[in-house]
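All chains, please: the whole structure from these sequences, using the hints.
Be aware that the sequence shown starts at 1, since it is given in my numbering, and climbs by one per residue.
Within a straight-line C-alpha distance of at most 30 Å, the following computed DSS-like cross-link-like pairs (lysine-lysine) qualify:
id : residue 1 : residue 2
1  : Lys2      : Lys69
2  : Lys22     : Lys38
3  : Lys2      : Lys38
4  : Lys35     : Lys23
5  : Lys23     : Lys38
6  : Lys35     : Lys2
7  : Lys23     : Lys2
8  : Lys22     : Lys69
9  : Lys35     : Lys22
10 : Lys23     : Lys69
11 : Lys22     : Lys2
Hints were generated in silico from the structure; no laboratory data involved.
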Amino acid sequence: MKAGRIVGRVFCSRQYPTLDGKKLLLIQPMDWETKADKGGVVVAADACGSGSSEFVYWVASREAAVAFKDLPPVDAAVIGIIEGHQARDFRGKA
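Written out as C-alpha cells, the structure reads:
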C-alpha cells in the first residue's frame, strides 16, 4: 500500500462498462514520514468514497482491480482514508 493525497478528479464521456459509476481520482503520491510529494500524479478508481484533499492509501497493479467485485481494468485504486498514523522507531533510537 502507498500513501497519497487526493488532488483532483477525472471526468469521462465514455469509458469501459465496468467503470460506470466509479469515481476516478487524481492522487499525488507522498512519503509516509514527511508527507512530501513523491513522484507524479496517478489516476485511481475510488473504492471507499474518499473526497478532495483527503489523505488516502492506495494500491497499484493487480491489487487495484481486485478491490472491486466486477474486476474493472484499473491500474490503481484508493482503498482507504488515512485519519492519522503513529509509528515507533525500531532502529535502536529513542
